[in-house]
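Here the protein sequences come in this chain order: H and S. Numbering-wise (the numbering used here), the first sequence opens with residue 1 and increments by one. Numbering-wise (the numbering used here), the second sequence opens with residue 1 and increments by one.
Just so you know, the hints here were simulated from the structure itself, not pulled from any lab data. The C-beta atom is built at its ideal place from N, Cα and C for all residues, glycine as well. Honestly, I wouldn't trust all of these hints.
Calculated pairs, DSSO-like style, for lysine-lysine (alpha carbon to alpha carbon, straight line, at most 30 Å) [said to hold, decoys possible]:
hint	chain 1	residue 1	chain 2	residue 2
1	S	Lys104	H	Lys78
2	H	Lys78	H	Lys57
3	H	Lys83	H	Lys57
4	H	Lys57	S	Lys81
5	H	Lys42	H	Lys83
6	S	Lys81	S	Lys104
7	H	Lys42	S	Lys81
8	S	Lys104	H	Lys42
9	S	Lys81	H	Lys83
10	H	Lys42	H	Lys78
11	H	Lys57	H	Lys42
Here are the simulated distance ranges between beta carbons [to be verified]:
hint	chain 1	residue 1	chain 2	residue 2	range
12	H	Glu85	S	Gln25	21 to 29 Å
13	H	Lys78	S	Gly15	43 to 51 Å
14	H	Arg22	S	Tyr70	17 to 25 Å
15	S	Pro112	H	Ile60	36 to 44 Å
16	S	Gly40	H	Asp62	22 to 30 Å
17	S	Gln25	H	Leu84	27 to 35 Å
18	S	Gly41	H	Arg22	27 to 35 Å
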Amino acid sequence: EPEVTQTPSHQVTQMGQEVILRCVPISNHLYFYWYRQILGQKVEFLVSFYNNEISEKSEIFDDQFSVERPDGSNFTLKIRSTKLEDSAMYFCASSVLADTQYFGPGTRLTVL
Amino acid sequence: GQSLEQPSEVTAVEGAIVQINCTYQTSGFYGLSWYQQHDGGAPTFLSYNALDGLEETGRFSSFLSRSDSYGYLLLQELQMKDSASYFCAVRDRDSGYSTLTFGKGTMLLVSP
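Please build the complete structure, drawing on both the sequences and the hints.
Take a look at the structure:
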């Protein structure tokens with residue numbers, strides 16, 4: 001069964017550094033998403049991407065964040081200058097239509 | 001804005017039936033989803049209800065009443081592996097067509 005994959009599984013970085021989280025969505029899916037989950041809290045929407053552009057973004061997704069689909073398979077989330085509060089699990093998701101979203105295993109980001 | 005309410009914790013024994021409720025307040029409701037998450041792993045899609053009524057998938061069923069802004073997830077013949085967190089999530093016009101807004105989750109503990 002096809003699934004969303006993410007790399008790396010764990011990323012440790014120093015405050016102020018840039019990080020890029022990578023995702024390979026399911027191949028025939030049209031919508032791509034990033035969510036985050038701070039330890040012990042609920043999953044929070046960051047951004048959705050459709051037809052090669054951002055379709056929706058939350059208040060969390062400020063100028064420090066950007067997304068890109070650099071080729072036909074990868075979908076990336078860049079955090080330009082990480083802060084301590086960016087430490088969280090970051091989930092990529094994809095879907096054919098927006099109703100049924102399939103999540104990847106996540107990247108645990110630790111900012112020191 | 002949206003708000004979703006679900007119990008923080010539910011306990012049950014193997015073989016039993018458990019119902020996890022979710023009430024929501026949204027503008028321009030599109031649908032209600034349920035996700036299962038084990039120990040901070042990937043949220044796994046369980047069901048999506050856009051219309052009133054009961055959807056059954058194996059041991060799991062999900063119900064929606066749009067007029068009551070209420071839904072529930074019903075788990076039958078509980079197994080130890082069902083111990084996990086269960087999140088309801090809504091799509092609505094205010095957040096955007098492709099955005100899922102998650103509740104805080106219900107931790108289900110299944111005992112022998």
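Given the hinted pair Lys81/S and Lys104/S, is their Cα-Cα distance within 30 Å? The hint holds at about 21 Å.
State, for the Cβ atoms of Arg22/H and Tyr70/S, whether the hinted interval 17 to 25 Å holds or is violated. violated (39 Å)
Starting from the hint 27 to 35 Å, judge whether the C-beta atoms of Gln25/S and Leu84/H obey it. This hint holds: roughly 32 Å between Cβ atoms.
Given the proposed pairing of Lys57/H with Lys42/H, does the C-alpha separation stay at or below 30 Å? holds (17 Å)
With respect to the beta-carbon atoms only, verify the hint that Glu85/H and Gln25/S lie 21 to 29 Å apart. Holds: the Cβ-Cβ distance is about 27 Å, inside 21 to 29 Å.
Against the 30 Å threshold, does the CA-CA distance of Lys81/S and Lys83/H hold or violate the hint? violated (36 Å)
Are the Cα positions of Lys57/H and Lys81/S separated by 30 Å at most? violated (35 Å)
Is the hinted pair Lys104/S and Lys42/H satisfied, with a Cα-Cα distance of at most 30 Å? holds (5 Å)
Hinted pair, alpha-carbon criterion (30 Å max): Lys42/H, Lys78/H. Please report holds or violated. The given pair, whose Cα atoms are some 22 Å apart, holds under the 30 Å limit.
For the range 27 to 35 Å, tell me whether the beta carbons of Gly41/S and Arg22/H fit it or not. violated (18 Å)
Given the hinted pair Lys78/H and Lys57/H, is their Cα-Cα distance within 30 Å? Roughly 14 Å separates the two Cα atoms, so the pair holds.
Take the C-beta atom of Pro112/S and the C-beta atom of Ile60/H, compute their distance, and say whether it sits inside 36 to 44 Å. holds (41 Å)
In the structure shown, a violation is registered for the earlier hints numbered 4, 9, 14 and 18, in ascending order.
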